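Each chain, letter by letter, is given below.
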Amino acid sequence: MTDQPPTTSPRIAPRTPAAGLREVEAHGRSVTLRNLHAYYGDVHAVNGVWLEFPPNQVTAIIGPSGCGKSTLVRCINRMHEEVPGARAAGTVLLDEVDVYRDDVDVVSVRRLVGMVFQKPNPFPTMSVFDNVAAGLRLTGVRGGDLRDRVERSLRSAGLWEEVKDRLGRPGIGLSGGQQQRLCIARTLAVEPEVILMDEPCSALDPVATLKIEELIAGLRARYTIVIVTHNMQQAARVSDSTAFMLNGELVEHSPTEKLFTTPHDARTEEYVTGKFG
Amino acid sequence: MSALAPVSPRRRRTDLLARGLLAVGTLLALVPLVLVLYYVAKKGLGTWSWSFFTTDPTGNFLGSPGGIKSAILGTIEIVALATAIAVPLGIGVALYLVEYGRESRFAAVVRYFVDVMTGVPSIVFGLFIYITLILSGGVGGFAGWKGSLALALLMLPIVTRSAEVVLTLVPDSLREAALALGAPRWRVVGRIVLPTALPGLVTGSLLAIARAAGETAPLLFTSTLALATTLNLGTQMNSLPAVIFADVGQAQDRLVRVAWGAALTLVLMILVLTTLARLISRRSRFA
Numbered sequence: 001m002t003d004q005p006p007t008t009s010p011r012i013a014p015r016t017p018a019a020g021l022r023e024v025e026a027h028g029r030s031v032t033l034r035n036l037h038a039y040y041g042d043v044h045a046v047n048g049v050w051l052e053f054p055p056n057q058v059t060a061i062i063g064p065s066g067c068g069k070s071t072l073v074r075c076i077n078r079m080h081e082e083v084p085g086a087r088a089a090g091t092v093l094l095d096e097v098d099v100y101r102d103d104v105d106v107v108s109v110r111r112l113v114g115m116v117f118q119k120p121n122p123f124p125t126m127s128v129f130d131n132v133a134a135g136l137r138l139t140g141v142r143g144g145d146l147r148d149r150v151e152r153s154l155r156s157a158g159l160w161e162e163v164k165d166r167l168g169r170p171g172i173g174l175s176g177g178q179q180q181r182l183c184i185a186r187t188l189a190v191e192p193e194v195i196l197m198d199e200p201c202s203a204l205d206p207v208a209t210l211k212i213e214e215l216i217a218g219l220r221a222r223y224t225i226v227i228v229t230h231n232m233q234q235a236a237r238v239s240d241s242t243a244f245m246l247n248g249e250l251v252e253h254s255p256t257e258k259l260f261t262t263p264h265d266a267r268t269e270e271y272v273t274g275k276f277g
Numbered sequence: 001m002s003a004l005a006p007v008s009p010r011r012r013r014t015d016l017l018a019r020g021l022l023a024v025g026t027l028l029a030l031v032p033l034v035l036v037l038y039y040v041a042k043k044g045l046g047t048w049s050w051s052f053f054t055t056d057p058t059g060n061f062l063g064s065p066g067g068i069k070s071a072i073l074g075t076i077e078i079v080a081l082a083t084a085i086a087v088p089l090g091i092g093v094a095l096y097l098v099e100y101g102r103e104s105r106f107a108a109v110v111r112y113f114v115d116v117m118t119g120v121p122s123i124v125f126g127l128f129i130y131i132t133l134i135l136s137g138g139v140g141g142f143a144g145w146k147g148s149l150a151l152a153l154l155m156l157p158i159v160t161r162s163a164e165v166v167l168t169l170v171p172d173s174l175r176e177a178a179l180a181l182g183a184p185r186w187r188v189v190g191r192i193v194l195p196t197a198l199p200g201l202v203t204g205s206l207l208a209i210a211r212a213a214g215e216t217a218p219l220l221f222t223s224t225l226a227l228a229t230t231l232n233l234g235t236q237m238n239s240l241p242a243v244i245f246a247d248v249g250q251a252q253d254r255l256v257r258v259a260w261g262a263a264l265t266l267v268l269m270i271l272v273l274t275t276l277a278r279l280i281s282r283r284s285r286f287a
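Just so you know, the sequences run in chain order A and B.
Per our numbering, the first sequence starts with residue 1, numbered consecutively.
Per our numbering, the second sequence starts with residue 1, numbered consecutively.
Only chain A is shown next, with the shape it has when bound in the complex (with noise of 0.2 Å):
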């Protein structure tokens, strides 16, 4: 799949191309899924899923595990295909382009849409500096000031201060916090436009997941972000709406204060009072 020539990019034009300001690249896209299937062999894991995420907003997925809320997200960028034996099916659209149409590069789709792991995965090899590095060059971008990059990266990651005196340090030696700050600091040095989050501080303490719901409030105002969340505290602190998977199915989608005290489904209202689930 990645053999294709990417011909025409999901990177259509500039959003106001008189501006001529630098931040305006840096702004969330939204994303609509349009009767979204995923399968896994003979699994039928996402169900006809119509949802959108509105740009510079933060939406939570919860719903209890097995649900599909995460091979939802990977849909979005398009690491579902990436299991071996598992497709999809349906629309998903990055602004008005659709990601799954045969003319766009997959390896374009994941530049726009980065990606955080539940488990913080630096990669062993590299140091810190190389870790938030490895984005870009791993994209073949040459040239530009990669210090700078970098640095930018590490700070908008709120991890600056922490690791600045120790960047040629293994990755892996941090804390794992840090960790998954570094993770988020790589995924933001290659520029997305929309950041996805499966589970991102399932692995990690309070005072470590409180840093990292910080960094989301943070860079909200940049990115458009989907966060998969077990937990419904951490759901009802970052996010402008919630939507609420069961079987694969989407029970509702709410802004996130209304889900939490009124829902209008009679399951969700049972998932967030903690009646199963």
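The reader is advised that the hints may include incorrect statements.
Unchecked claim - Partial list, derived from the structure: chain B residues whose beta carbon lies under 10 Å from chain A:
| id | residue |
| --- | --- |
| 1 | A177 |
| 2 | L181 |
| 3 | R191 |
| 4 | P195 |
What the hints contain is simulated information worked out from the structure, not anything from laboratory work.
Note that the coordinates shown come from a computational prediction; the quantities given were computed from them, not determined experimentally.
Glycine included, every Cβ here is placed at the ideal spot set by N, Cα and C.
We have chain A already, so just place chain B on it with the hints.
Then chain B, alone, in the frame of chain A:
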């Protein structure tokens, strides 16, 4: 719940017996190993001298039999060429199997043949090269590079198998992280998978080299024997296993002693390689 009780005498006896049997078994297994090393060292050390390593065999029926310089250099040259062929090829096959072929039918067939090749006796590889490259007459007679080819065939499945295991050990989370950054697959392999697996790949290759360096059969009818040192892999070449094979059967005690000296040299060379392999694998990042 039952009360706390001391270990029964019967269990104590059984435990003692089982431990004793295991210890005896281990000692028995060590006996031949130690004896081999002791014998080679005892017989070989006596022949070692400066000139033993710096002169070529004379081939004279009388007088000094000379040293084994040409055999040491010949082994190094032949094995180096074999390594240059087998290691990149083997790692390439393993990369295909792990990164691209995965569960496909073709990959399963390749895996099966690699396994079969592991079990092929080394003399068969020598015979194969002898028939295809020497008897056919197309590319001349005996030559060092043909020995290298035979050894490369022998090394290929070993390198492939060990590399496949090591590459499978690279966590998928690293591949996913790199792919999610928007890296094309070949860059993920080159920048993440290979560097992470490097210590293991080196270890596996060194063990394959050690194995090939000691093989006699594939060399007997490919590079055969020679007296003089040569750097030309296109001619017949001397090698340590071939010297041992040829000299140990001689009636003259002087030549048999050369064989022992060469054997000790070979054992030490291989020992260095395996020690190196152990040291490197200890530095592996996911042991």
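Here is what the structure says about each hint:
1. A177: holds (5 Å)
2. L181: It holds, given that the least Cβ distance between L181 (chain B) and chain A is near 4 Å, below 10 Å.
3. R191: holds (6 Å)
4. P195: Holds - the Cβ of P195 (chain B) comes within 10 Å of chain A, reaching about 5 Å at its closest.
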